[in-house]
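S.K.: Could you put together the complete structure from these sequences and hints?
Number of protein chains: 2
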Amino acid sequence: MDYIFKSNERSSKILDFHHPHQLKEGLEGFSLDLPDHPEPLEQILVDCRDTLKYGVKTGHPRFFNQLSSGLDLVGLAGQWLTSTANTNMFTYEVSPVFLLMEEVLLKKMQSIVGWCEEEGDGIFCPGGAVSNLYSLLVARYDFYPEVKTKGMCALPRLALFTSEHSHYSVRKAAAVLGMGSDSVQVVPCDERYPSPEGLFVRGQRGSTKEQKGNGLVPFYVNATAGTTVYGAFDPLTAIADVCDRHKLWLHVDAAWGGGLLMSRRHQGKLQGIERASSVTWNPHKLMGAPLQCSAILIKKRGLLQECNQLCAEYLFQSDKHYDISYDTGDKTIQCGRHVDVFKLWLMWKAKGSEGFGSQVNKCLENAEYLFKQLQRRADFKLVFESKPEHSNVCFWYLPPSLRGLPPGPDTNRRLHEVAPQIKAKMMEEGTTLIGYQPLGSNVNFFRCVFSNPATQHEDVDFLLEEIARLGSNL
Amino acid sequence: MDYIFKSNERSSKILDFHHPHQLKEGLEGFSLDLPDHPEPLEQILVDCRDTLKYGVKTGHPRFFNQLSSGLDLVGLAGQWLTSTANTNMFTYEVSPVFLLMEEVLLKKMQSIVGWCEEEGDGIFCPGGAVSNLYSLLVARYDFYPEVKTKGMCALPRLALFTSEHSHYSVRKAAAVLGMGSDSVQVVPCDERYPSPEGLFVRGQRGSTKEQKGNGLVPFYVNATAGTTVYGAFDPLTAIADVCDRHKLWLHVDAAWGGGLLMSRRHQGKLQGIERASSVTWNPHKLMGAPLQCSAILIKKRGLLQECNQLCAEYLFQSDKHYDISYDTGDKTIQCGRHVDVFKLWLMWKAKGSEGFGSQVNKCLENAEYLFKQLQRRADFKLVFESKPEHSNVCFWYLPPSLRGLPPGPDTNRRLHEVAPQIKAKMMEEGTTLIGYQPLGSNVNFFRCVFSNPATQHEDVDFLLEEIARLGSNL
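If you read the sequences in order, they're chains A and B. First residue of the first sequence: 2, per this note's numbering; consecutive thereafter. First residue of the second sequence: 2, per this note's numbering; consecutive thereafter.
What the hints contain is simulated information worked out from the structure, not anything from laboratory work. Idealized CB from N, CA, C, for every residue including glycine. Keep in mind that the hints are not guaranteed to be accurate.
[Claimed, not checked] Simulated restraints on C-beta separations:
#, chain 1, residue 1, chain 2, residue 2, range
1, A, R470, B, G303, 37 to 47 Å
2, B, F6, A, G269, 19 to 29 Å
3, A, L311, B, Q422, 24 to 34 Å
4, A, L311, B, F6, 32 to 42 Å
5, A, R404, B, P41, 49 to 59 Å
6, B, L46, A, I5, 15 to 25 Å
7, A, I5, B, A425, 41 to 51 Å
8, B, L46, A, T412, 51 to 61 Å
9, A, Q306, B, S326, 34 to 44 Å
[To be verified] Computed cross-link-like contacts, DSSO-like style, restricted to lysine-lysine with a CA-CA straight-line distance of at most 27 Å:
#, chain 1, residue 1, chain 2, residue 2
10, B, K321, A, K14
11, A, K382, A, K426
12, B, K54, A, K321
M.R.: Written out as structure tokens, the structure reads:
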């Protein structure tokens, strides 16, 4: 507890950076080596202290580096209790309470998405990428159940659609599932949004489900609700119309944007999500649940079980004395499954739905505040002039040497090198942490994201001052 | 702490069983419902207490139900610290210490498997089933790298081999990866072991890698080191010979048996594992690490990265100021990855390799003790007359009404119903917990497994007495 409060004070550093070779060589009695003989308890305590010392304080109010940040104390207590219970989500026999909590959480999330009482199935997964993989797996099975026994060779060559700004896990899932990444048709974005027109034109091929043009049969569209970098929302209703027309599976990757559904003020941005056949939603992102906590929601009930079950009688006995529909082990591609639900359930008890709503609103208010600060400063430039939709705010820092230069390839080339240099200094100093990346024609820019409710306006001010300080002589 | 010690005392119950509908209706102020408004702190504490109360004590010395049991206090402390750090295994930037610990652990495990210094790659995964999936994924890519972009349609129809007693996750992985479960050639077992002869005959088709007979091209063999039910070890050396001869990928699923490598007395049972191209090894089973902790080890370096990387520049920037080879996020099919390494690293510090060795020896001694008790009792019958190889001991309880009956279908039919009835009573009473299942021609029998070092001979005695008591009037 002492560690938690001290290390997340504003005055403490976010990280005490060392290069891999430095940590490997060992620092002041901290050695990574695994011994043959036991080490004394005092050394174990020192090891624990040092592990935290050289780690990164993701709960620090000035940590803006990832979509997951913050350290919710009730969630943390939930994690500790989960660890103490040390069981897994396999059968009701070993996990009665947690399996029921999973059901309650999934039903709640499904009703928030807008599905009716009779619809909805799902599972908590090890992260959003795996949730997206589940959606593609189940969609494929729904269209072509023979794939389970006969494999991809028995199917026509499939096409799936996703925008160029969508998460790379969709492409990865296509490779893993044996469809090949070439089956992924990347829909270009107009600045931030995929053009439904582009999707529509490509979707036409789906109308007959026959091979035309490149010979692929469309069956699946991934729409993103909250892209990783820009925090943009794909036009869900327009995409759902295309999917309806061509009978395509609509998956909404709301890993990052799903949290907005908790806020009455912002939930409208996900209008149309209720028409999805599946949804990825990561409470470990905007809702601040400790890592990991990610759900895949599937509208059609029973599909997940049918798709994945193998009925190994030696693991899932059918002659048990209780209702075995809670033995979820055969619904999944894992076997044992980590308990990721209790922390979220406990947080929900402690905050209520409305508490999550306020938390989300606060994160988005911080983004608006940052946006306004950037608008009025000459040493920064926004990537987009319009108000952020999510808590992502993207911008360049313009060091003195670059201000007032005419736009063009040369300026861009120099601007591209600014963010990495500032980031390197920032990691060395450990005062704050923010990510950067290039995207499309935009050279390296900073992406600030807010998901830690502990972050205040003063932290936003600090971030800009710190970037300006570290970049002042570039 | 108080909970941990009290709940794992022998005098306390392992579970306080309630049917799903009872827990759902709510018990004495324990409601699973998710509120709109926050609940008071006192209620949250009650919720925590009740969650533990209605859960299962997997750390109890009389819990014999799963391959994972026990509650290692250093491991638990490691979990708590991990939760407090709340980061993920994605980039060195957010997980410097944990990524280095992962490297150290993987190298150690690879050297224990018997690979040389230059060999070895791997990753910690969410469970053994996912580890097995990784092995199949990487093996496929090694033989047919075009699968990543072009999918299974560009490949010949593949065959993989696994024994009938192997874990069902191999078949599941084949379905997920788009090979189809029909690609899995199930090698029959002679009681406990797959016949290398059977494998050899089937493997012949691999010698030319051409389609013959059923038109499948063999490329992969899964051998099991420690089967789930019997704890049997496939003849690894003989299988490795077949794989060498026909240039097949040899995967060894040592999820359960890997722990034996820590014991000088028992490691010989895995002779030949050093010839594997990949190995699954779950420290959360026999080594007692808290859930989850599972590794996939891959002999050929670089393959995992090549197979899975998509180089999303917006997530994995190549212009960072540190050695980005530790940014493992693109090696995996997850994106964010839970930190499963610290608890194992800390346990290793606290026990040393030798501590794990003694712990494993103790589990196997308990199995031998149980075996000897069963040999001398007339009310129990062993499934196998020979000494257990692993900590699995399989047996039937013969209630008075079945003793002395001639063997035959009628006796078998009645015997089949004994274990489920005893198990149902056992769950209601909550005094101990053991699993049962049928397998092949063996009707429902109990499988006892030892992985909790807290278990003593008195607990083994108790188990037998309890089964006899609960089954005395059947």
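S.K.: Under the criterion that the straight-line Cα-Cα distance not exceed 27 Å, is the pair K382 of chain A, K426 of chain A satisfied?
M.R.: Holds, because 21 Å separates the two Cα atoms, which is no more than 27 Å.
S.K.: Per the hint of 24 to 34 Å, is the separation of the Cβ atoms of L311 of chain A and Q422 of chain B within bounds?
M.R.: holds (26 Å)
S.K.: Tell me if the beta carbons of R470 of chain A and G303 of chain B are separated by a distance inside 37 to 47 Å.
M.R.: holds (41 Å)
S.K.: Please test the hint of 51 to 61 Å on the beta carbon pair from L46 of chain B and T412 of chain A.
M.R.: holds (59 Å)
S.K.: Return holds or violated for the Cβ distance of L311 of chain A and F6 of chain B against the range 32 to 42 Å.
M.R.: holds (40 Å)
S.K.: Tell me if the beta carbons of L46 of chain B and I5 of chain A are separated by a distance inside 15 to 25 Å.
M.R.: Taking Cβ atoms as reference, L46 of chain B and I5 of chain A lie about 19 Å apart, which means the hint holds.
S.K.: Does K14 of chain A sit within 27 Å of K321 of chain B, going by the straight-line distance between their CA atoms?
M.R.: The hint holds at about 20 Å.
S.K.: Under the criterion that the straight-line Cα-Cα distance not exceed 27 Å, is the pair K54 of chain B, K321 of chain A satisfied?
M.R.: Distance ~22 Å between K54 of chain B and K321 of chain A Cα, so the pair holds.
S.K.: With 49 to 59 Å as the target window, see if R404 of chain A and P41 of chain B comply at their CB atoms.
M.R.: Holds, at about 55 Å.
S.K.: Between I5 of chain A and A425 of chain B, is the Cβ distance one that fits in 41 to 51 Å?
M.R.: With a Cβ separation near 44 Å, I5 of chain A and A425 of chain B satisfy 41 to 51 Å, so the hint holds.
S.K.: State, for the Cβ atoms of F6 of chain B and G269 of chain A, whether the hinted interval 19 to 29 Å holds or is violated.
M.R.: violated (52 Å)
S.K.: Taking 34 to 44 Å as the stated bounds, is the beta-carbon spacing between Q306 of chain A and S326 of chain B within them?
M.R.: holds (41 Å)
When held up to the earlier numbered hints, the structure conflicts with hint 2 and nothing else.
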